[in-house]
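K.L.:
Sequence:
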Amino acid sequence: MKDNFSADDTLKAFQNKKLISFLIDGRYRYVRHAIMLLSLLLILSNAKSTSDYSDRYEQYSLLVYYLVIVFLVYINIYLLVPMFFFKGMYIAYLTVLMVLLALVMSVMFSVIEQYFEPHRILERHPISLTRVIVSGVVFFVPFIMVSTTIKLVQRWIKDNERISELKNITLRMELNGLKNQINPHFLFNMLNNVNTLVKVNPQKASLVILKLSDFLRYQLYDNDEEYTNLSAELDFLSNFLNLEKIRRDDFTFDIDVSHGDRTILLPPNLFTTFVENAVKHSADVTGGHSYVHLLIVADEHRLHFRCINSIVGNEGLQPPSIRGGMGLANIKRRLQLLYAHNYHLTSETSAKEHIVNLIIPI
26 MKDNFSADDT LKAFQNKKLI SFLIDGRYRY VRHAIMLLSL LLILSNAKST
76 SDYSDRYEQY SLLVYYLVIV FLVYINIYLL VPMFFFKGMY IAYLTVLMVL
126 LALVMSVMFS VIEQYFEPHR ILERHPISLT RVIVSGVVFF VPFIMVSTTI
176 KLVQRWIKDN ERISELKNIT LRMELNGLKN QINPHFLFNM LNNVNTLVKV
226 NPQKASLVIL KLSDFLRYQL YDNDEEYTNL SAELDFLSNF LNLEKIRRDD
276 FTFDIDVSHG DRTILLPPNL FTTFVENAVK HSADVTGGHS YVHLLIVADE
326 HRLHFRCINS IVGNEGLQPP SIRGGMGLAN IKRRLQLLYA HNYHLTSETS
376 AKEHIVNLII PI
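Residues in the sequence shown are numbered consecutively from 26, following our numbering.
Don't take each hint at face value.
Straight-line C-alpha distance at most 16 Å; calculated EDC-like pairs for lysine to aspartate or glutamate [to be verified]: (1) Lys112 <-> Asp184; (2) Lys305 <-> Asp274; (3) Lys42 <-> Glu186; (4) Lys43 <-> Glu186; (5) Lys229 <-> Asp274; (6) Lys270 <-> Asp260; (7) Lys183 <-> Asp50; (8) Lys176 <-> Asp260; (9) Lys305 <-> Glu378; (10) Lys42 <-> Glu190.
No lab work stands behind these hints, which were simulated from the structure alone.
Please construct the entire structure, taking both the sequences and the accompanying hints into account.
P.N.:
Right under this line is the structure:
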């Protein structure tokens, strides 16, 4: 498993996030409008290569066209698109738009005929109102369609942001549910052990109860967080294995951590199910020696967790898929939600040992 997320990918993701924020964030609304208005003015001022009127009236005519474009664009993006286009009423949208254009061009035709034609310096043939409306539609529609496209892009981005947020909320709820399913299962087994130990050795039972307080402290303060450090997780596992050692004189364990930095952050209770399962299947009813070995190796990009437990009798003949039950199903689902396909989980069984290997990114 390789970590393919490079610095270039990080930069691109950051830039894309900034672009998306600029397009939809209300903080940049006035900047977006200023850019749009300036762009419209630049496009319009370069659209005509010749002057139809005297200098001053040529500027006035440019201002009229500019104000009409701005009027149509804002009516489109704040009235027509939300009222008709976003509701799927496309025919109504086009109909209202065409009627609006016809009305606007009629008013423009009257204004130009009355105030601008007397100052025309280039001759033209008389034109009808219909021709003016058609030419106006051809001229103004591209501006309107661009504004519609911008609104569609903004709507698409916002919808995707909302869907992504809903997915994240759903995933967090499912992860919390799976994590909470692990905890009662673990505590139930511990309390069962205490119940048995009270009848056999009350002094040991008292010690076990004190140790259980550490588990509850971990559940209350660390387990509710999204991440905990490796040191806290190792303390939790060590307490659990010590409890088992108190209960069973024939049981030994060791935890080998080859990484000096124990402040690595990882989801809480990520290894508990594997260790609990290892303890369960390491028990030898005949009184023979049993053990659990934990090995943790970490580098800059990934952490390798290995759990080895002894097995006895017919345990070694059972395929790994039969063992574990709901606890392992929960942790597998949790790993999928946390890391998608960016983790590696394998298990192997020999005549005397069962080994679980888990590799996760850090």
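K.L.:
None of the hints should be skipped; say for each whether it holds.
P.N.:
Here is what the structure says about each hint:
1. A hinted pair counts as satisfied when its Cα atoms are at most 16 Å apart, and Lys112 with Asp184 qualifies at roughly 14 Å.
2. Proximity of Lys305 to Asp274 is assessed by CA-CA distance (about 15 Å); at most 16 Å being required, the pair is judged to hold.
3. Straight-line distance between C-alpha atoms of Lys42 and Glu186 comes to about 11 Å, which keeps the hinted pair within the 16 Å bound.
4. For the proposed pair Lys43 and Glu186, the alpha carbon gap of about 14 Å is at most 16 Å, so the pair holds.
5. Among the hinted pairs, Lys229 with Asp274 is consistent with the structure: their alpha-carbon atoms are about 12 Å apart, no more than 16 Å.
6. The suggested pairing of Lys270 with Asp260 holds, with an alpha-carbon distance near 15 Å, which does not exceed 16 Å.
7. At most 16 Å may separate the alpha-carbon atoms for a hinted pair to count; Lys183 and Asp50 meet this at roughly 10 Å.
8. Annotation: proposed proximity of Lys176 to Asp260 is violated, straight-line Cα distance about 54 Å (limit 16 Å).
9. The suggested pairing of Lys305 with Glu378 holds, with an alpha-carbon distance near 13 Å, which does not exceed 16 Å.
10. Between Lys42 and Glu190 the CA atoms are separated by roughly 15 Å; this keeps the pair inside 16 Å, and the hint holds.
The structure fails hint 8 only (numbered hints given earlier).
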